[in-house]
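Participant: Single-letter residue listing:
There are 2 protein chains.
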Amino acid sequence: MKRPLRLLVIGGVAAGTKAASKARRDDPAMEITIISDMPYVSFIGCGLAYYIGGVVERRESLFARSPEKFRDEHNIAILLNHRAESINTYDQTVRVADLKNGGTLTLPYDRLLIATGAHPVISDIPGVTLPGVHPLHTIMDADAIRDRIDRGGARQACIVGGGFIGIEMAENLLRRGLEVTLFEMADHLLPGLYDPDVSALIRAEVEAKGVRVLTGTRAERFDSGPDGTVRTAFAGGRAYPCGLGIIATGVRPTVQLAREARITIGPTGAIRVDSRMETSVRGVYAAGDCAETTHLVSRKPFWFSLGSTANKQGRIAGANIAGGRKTFDGVLGTSILKVFDKATGRTGLSEREASEAGFNLVSATVTTSTIGHYYPGSGKITLKLVADRGSKRLLGAQAFGDDKVDKVIDTVAALLTGGVPVPEITNLDLAYSPPYATALGTVLVGAELLEKKMGI
Amino acid sequence: MKRPLRLLVIGGVAAGTKAASKARRDDPAMEITIISDMPYVSFIGCGLAYYIGGVVERRESLFARSPEKFRDEHNIAILLNHRAESINTYDQTVRVADLKNGGTLTLPYDRLLIATGAHPVISDIPGVTLPGVHPLHTIMDADAIRDRIDRGGARQACIVGGGFIGIEMAENLLRRGLEVTLFEMADHLLPGLYDPDVSALIRAEVEAKGVRVLTGTRAERFDSGPDGTVRTAFAGGRAYPCGLGIIATGVRPTVQLAREARITIGPTGAIRVDSRMETSVRGVYAAGDCAETTHLVSRKPFWFSLGSTANKQGRIAGANIAGGRKTFDGVLGTSILKVFDKATGRTGLSEREASEAGFNLVSATVTTSTIGHYYPGSGKITLKLVADRGSKRLLGAQAFGDDKVDKVIDTVAALLTGGVPVPEITNLDLAYSPPYATALGTVLVGAELLEKKMGI
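Taken in order, these protein sequences are the chains called A and B. Going by our numbering, the first sequence opens with residue -8, and the numbers climb by one from there. Going by our numbering, the second sequence opens with residue -8, and the numbers climb by one from there.
No lab work stands behind these hints, which were simulated from the structure alone. Keep in mind the model is a prediction, meaning the values are calculated, not measured. Heads up, some of the hints might be wrong.
Since the list gives no way to pick one copy over another, a pair counts as held whenever it fits inside one copy or between any two copies.
Keeping only pairs whose Cα atoms sit at most 16 Å apart, straight-line, the calculated EDC-like set for lysine to aspartate or glutamate is [as the list claims (entries may be wrong)]:
(1) K317 - E415
(2) K317 - E442
(3) K444 - D17
(4) K443 - D17
(5) K291 - D265
(6) K443 - D18
(7) K(-7) - D101
Modelling step: build the complete structure from the supplied sequences, incorporating the hints.
Facilitator: This is the structure in structure tokens:
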């Protein structure tokens, strides 16, 4: 009888747990162990800001599955509070430190999945390690932030960084009654993702809800008060009262273990994998926030941290680890963000990205009703489409509106995946009834304007 | 100088007005006349049931544009209350009856658009013409139904037909305080569109809200009371109190004029057109509910009455009438229906249609959260996907749920248009954030189950 394969998974959040579960389903005999350097596994990082804001009420609901469930229902062993210290790809072992009891173990593997995720970029400005200044990446971060608010330790919050986490935290801290100031170094919010015109709509909503937004402004320093915790933030040469500092200056892939094991790191700084999610070392896979992927529109190496992508890559890695032949071809850079009472989403290339990628671009921005304008609850949605003039190929979309942003972005993401040319999109047969859409729908109205601007 | 082309449009609802406007935009010199046998143009038929229910409050909001607006802003002449009596394709004239003042005119044309729409099927059961028994197709129908309810002439309504109009009317009449009984001859609601399993979900919602649903039941007769208006409906051998009868047994394309002019009628009973929306007679176009189209999945002639399709076809016809070269390749049979507090939608082929079309089909039905299950407002959505086992090609979808049905259906419609194979759909990069979606999303979970059932 063949000895069962031993699968070791480093990292127990989205990609790691998904891959382990999939490998178990496809190979009931495999010996599977997940190593987590945290006291839990399988938590939903995307819900943290809403937990702080009280929108998500129960802390337990942030855990998708318990370690016991993995053990009892899936026969997957979980080593909590254990940190992988090094990978030996020759011996096929991982050296693991027991963070709770001390000591190290050396675990052998036949297949290894690196799912070490990403870590927040913490700038090195003075005071960034003061009590009361936090990134938001783990449940522990969320616990600490909630604790500081619950104890009344913060009336004013300063957020460094106008990306996803920064904007989500602005909303949720405002909901908790704090005054919120947000510093963004670039000249517009979400600078890597949105063109300035769509970003201006986002900023207007954030400011209308009462957040002080300072773009082109660099956070310089945090100072502490008499209790030793943060009391003042300095930015753009001015001082701001600050009982809570949030560092939301982005995340980077966590690849040190892989790099030290001489596994190839790609140009984005994440671990290079093939479409089967296998790294440069045979038998070693990577998935989730630590892994590089391909942008399906630009066809270039791409990296973006997202729980949904981690789940999909984990599934593919798990299937292939169990002997399957599944592929993950890449992503579109799709994302969506709640912005108080509005939403904003994007997929594919922005106008700037398309221009940088050398496309002869044409863009069209339309504003339509979300649903029949005469039907109760109708609102407005603005959609910017970007296309290539020569090939009539759609390249990307950005949307902002009261509602239906997720629908419009998902529809465009599906169109990009299918490579549907712009003229065909103007005839797309989408679901129409007044409570759900306008007769043509936002995507078609946008495609019609694109067509017109292309002179078709 | 070339004489301007004369365009005559028969029909002033969606396709006719859209085509006229598009032709005007593309050819400022054209002489354009719309003939309408009603006292108005450009009304939104899809809003009628909601106007009766009081959800849409203002009658004026059902008119997209006024005749004056067409005349003054677009230089389009409108002949209201004029009915086209015959088309002479040899002389290129249309004989028109003046319904208000009597008499007939003969109007010459260089280009003709037939946009005569559809008409309700009225069964010939006794009593169907009694006062208080109405189809719902025009504003006049809606006015008459509202009037009867407003005067207190109806406490119980009987609806004949469990399709779109029947279910929309059930909801809106219940909202107006009527007891509602619905008769459907087939064994399930929406029989032509939904498989029995998804239809059962729809029925459960309709019944839970208080509608008495009788499937497999044929309406036999309406009887009048002492005031000469309807008082009783007989169906399946039983009598039902009935102060208002709604005939919702479907619609058929209105093609008599075209048929008499020897313009080719297709196998669906609608006017055959090519992809430019031109009929068998050169210079004569047809668009909207009177025109046949192609089903993009089955590739067979197809007919379905829908305002959104009429708008798109009208746009293509108008562009081509003005000398353009645009095509309308077909539809997916996409539709969506509000079912009280739920929604149901479909696109592509149902399991029955796919089976009849000879596909080696595999279907998968999944139920997921609409959004992050821990996020406020989350609900359930059920999605049934149908695919072809051999080619791994997706064929269609049916959905029912609390929310996000429009998104899921539009996403699948875009995937069908792009021909994205099932394995690629399992990796689709859709917009994820807990307020809008689950990490994988309903479509991907469905595609994963399809893949599994295909043994991929």
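Participant: Against each hint, give a clear statement of whether it holds in the structure.
Facilitator: Tested hints:
1. K317 - E415: Classified as between; 10 Å across copies, 30 Å inside a copy.
2. K317 - E442: between (37 Å within a copy, 11 Å between copies)
3. K444 - D17: Between. Shortest inter-copy distance 14 Å satisfies the 16 Å Cα cut-off; intra-copy 51 Å does not.
4. K443 - D17: between (51 Å within a copy, 11 Å between copies)
5. K291 - D265: Intra 13 Å, inter 41 Å, cutoff 16 Å: intra-copy only.
6. K443 - D18: Answer is between; shortest inter-copy Cα gap is 14 Å, intra-copy 54 Å.
7. K(-7) - D101: within (13 Å within a copy, 81 Å between copies)
This entry satisfies every hint, going by the numbered hints stated previously.
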